[in-house]
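Once you have looked at the hints, place chains C and U on chain W.
Residue numbers (the working numbering), protein chains in the order written: chain W, 27 to 301; chain C, 45 to 331; chain U, 94 to 463.
A few chain W residues facing chain C, derived, Cβ under 8 Å:
{"hint": "1", "residue": "Leu36"}
{"hint": "2", "residue": "Thr46"}
{"hint": "3", "residue": "Pro57"}
{"hint": "4", "residue": "Leu60"}
{"hint": "5", "residue": "Val110"}
{"hint": "6", "residue": "Ser124"}
{"hint": "7", "residue": "Met128"}
{"hint": "8", "residue": "Leu132"}
{"hint": "9", "residue": "Pro133"}
{"hint": "10", "residue": "Ala137"}
{"hint": "11", "residue": "Leu144"}
{"hint": "12", "residue": "Phe175"}
{"hint": "13", "residue": "Glu197"}
{"hint": "14", "residue": "Phe243"}
{"hint": "15", "residue": "Leu279"}
Just a few of them, taken from the derived set where beta-carbon distance is under 7 Å, the chain C residues facing chain U:
{"hint": "16", "residue": "Glu225"}
{"hint": "17", "residue": "Gln236"}
{"hint": "18", "residue": "Val241"}
Don't read these hints as lab results, they were simulated from the structure. Predicted, not measured: the structure shown is a model, and the values here were computed from it. By construction, the Cβ of each residue, glycine as well, lies at the ideal position given by its N, Cα and C atoms.
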Amino acid sequence: MRLRTSRSALPGFALTLGITLAWLSLIVVLPLALLVLRPWTLGVAGVWHSIAEPRVLAALRLSFGAAVLAAAVNVPFGLLVAWVMVRYRFPGRNLADSLIDMPLALPTAVAGIALTALFAPKGWIGMLLTPLGIKVAYTPLGILVALVFVGLPFVVRTLEPVLMDLPLEAEEVAATLGATRAQTLRRVVLPALMPALLAGFAAALARGIGEYGSVIFIAGNMPMISEIAPLLIVIRLEQLDYAGAAALALVMLLASFAILLLLNLLQWRMGRRAS
Amino acid sequence: MTPVSGIAGAPLAPTTERPAIQAGLIVLTILLLVVLLLLPLVVVFVEAFAHGLGAVVGALVEPEAIAAIELTLVVAAVSVPLNTVCGLAAAWCIGRFRFPGRRLLITLIELPFSVSPVISGLVWVLLFGANGWLGPMLDRAGVRIIFALPGLILATVFVTFPFVARTLIPLMQEQGAAEEEAAITLGATGWQIFRRVTLPNIRWGLLYGVLLCNARAMGEFGAVAVVSGHVRGQTMTMPLQIEALFNDYDWVGAFTIAGLLSLLALVTLAVKATLEWRIGRRGGALL
Amino acid sequence: MANRTAGRGIAVKVEAFELRKAFGRTVALDGVSLSVASGEFVALLGPSGSGKTSLLRVLAGLEFVDSGRIEIGGRSMDGVPARERSLGFVFQNYALFRHMTVARNVAFGLEVQPRRRRPPPRDIRARVRSLLDLMGIGDLAGRYPEQISGGQRQRVALARALAIQPGLLLLDEPFGALDAKVRKNLRIWLRDLHDRMGLTTIFVTHDQAEAMEMADRVAVLRAGRIEQVDSPDRLYASPANAFVHEFLGEAIRLECSVTQGRAHFDALSLTDIKTTCPAGPAIALIRPYEIGLLPGPGPVQVLSVHANGPLRRVRLALAGQALEVLLPEDSWSPTVGQSCALDLSRASIYSLASADTPRSPQALSKTATR
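Isolated chain W (complex conformation) (with noise of 0.2 Å):
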């Protein structure tokens, strides 16, 4: 019960926290307040026409969409990977597991145009597709690929500590009270993983929102079909209109930030009913 107040034996207070504190606004505070004040230049009713013209809407609802559904892939398949690397031991455990962070370390126009040679209708992937009708480079499906493979990771490393630390004795319970090994993991492992997998979610689902360097080389980039928010802001920079950039920056934003409360709090309720 040693908590400590704002004097401390301990010196480099003031000094720190004032480095700290003029970095973060001269870094992060003021370039952000910023960006919520500017796009009011065009005054209200001119936001939300630079909001809701078709082409922005369609961007908007491109990229949000594609990342929920592949944060929503990832959910099962990051289930599948964090269980395999927990539980299981295998030869080249230590290499996969290396594997896993590949996303978060290759840069991601790196990703991006590996993706794209491999989906691509002569890629390795792509020849196998092309002949059942499948196509993936430059089109929406090609977002989805990029968005699967740069969030994957963010739900197995959501997932591991968790899944390290359930106790085993609980599946030993309800192994000795004849539940049997589908019913066990369906009735009690799976709902003490929820907020894990719920996290994991929000954790790909913050990073596929706002994706742009492994989206864009694969995505073809049409517009109205393949035109992802982020590319919009950039095309709205290049033709000097900043406030509409801003605009459509601070709708990616609130609702980015809107989307990620709400499955806090779903997480923080689930969290206090399994404890």
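Below, chains C and U alone, put in the same frame as chain W:
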């Protein structure tokens, strides 16, 4: 149906799946990891070497490529130390003291992670761009920030700001302040405490944070794309050069530079695995 | 040396006046005054949350009081930072520098001194060596903290604290992390070390046996207040209140009421006893071996009798309540089922009217966490 039992008829533990199911899940996982995560890495090198080693060397000695590599190194060399110092400062005040607003400060530090890279670049254009808040003033003074090196650095600093602090804060909280307090009672000054007690204790964590910060600084694309202006040979970092070459259909060139960055990613992952082993933490995400 | 408080290993006097400290709404120190003579060995004893560790940290300058005054060696500690107090502090989990060898740990306090006061490296090495030898761990100099046992770590922590030749040694639960056997040996050793080095020592513990065995005087703390400071003998013989009485050892608690200088146990139909306690509701506390058991008809019934070394453990039923008393082996031995009378003449009576006296264990814990 009798349950399939393990080796030599040993009964199956109630907390595990049948061997056949286990094997199936493992194969499925490996398949997923290979197709989704490993193939993209492999294809980078295959495409780079598609026309042999000579083409790769040729792409590397291209003046534009050299300029991009140099610029990337300069940007990282400036932003990483800046964020390291500030990350250390933030970790010290948040990890060692309790004060009102501490949670808020952590949230603010992590904010850049939840912002789209494009927005991370956009904020600097809004501030310093031609139509920006300070842009016209700077223009008259002859100072160029956007479409120039300072803009690239600012965008990179914004994006990589959280890495060091975020790695160190939980580490320092977990270690507690007892050793620092012991050093105080033994008469050490603040600087002596930091250099002789704190720094040795957090050195692997610090290295880890710096490593992640550096990987992101060199690989950042969206944020620098917005502030770069794409002046060939001048404001193109390696990821931007990749984009330009790719759009020119110069695949060997694009994948050669991509190969360089992939090597950086591989080194990062290797060092990360080693460091995780050293600081006794397993499977932490890079983000 | 004028700006160093203790230093050079000369025992100092420690005085604290009316110390108050709160963490938010939690009161850690509620008007604590304590005077420790130079060369004395004092234990701060109390349950967790009683403020004993806070008091120690305040003396060391690791925490700061809201009001009150501390003098060490006759000098006010106002505005004197921890690193200039020159006292030895041994932390609960030792807080050894994990990346330094044992020798480097011990040398640390000397190496960080300002250049003009820092001994030359050769002297530092010699001092470290002699300290490690004194602690009986001379062969561990090159080891790292994680490579040695808990008891050895404890000695390293002590050597490190003593290296700067403090006049005052502060120990926070020094044996808390050790197993019972090591603990026992270290107690004797530490007391001996204190006497040989001629230090002033203050140590925190929640173990009353430890405090009573080692200390010249024991300060019993509860809820940020010192309830009593006395020698172990006096503390045991005449506790200042029911809390101290119960904290220092097992006691049987019986409700009673006091009128005209006598305590009555109406509900229990026991004989009255004389007391100086003021009239009103009260409780009687008596240690299991202080109760006398008298043959024949009486309010208690013998439930069981067990031999327990030189003592006999007898379980009794008294008005639906079970009590356990200890009788000398050579005394009268009751048989199971027998009805007996009790001799409570050695009981201490504490008035419930005074606010400090806890009414029940629940009330006690409530006050302790206030």
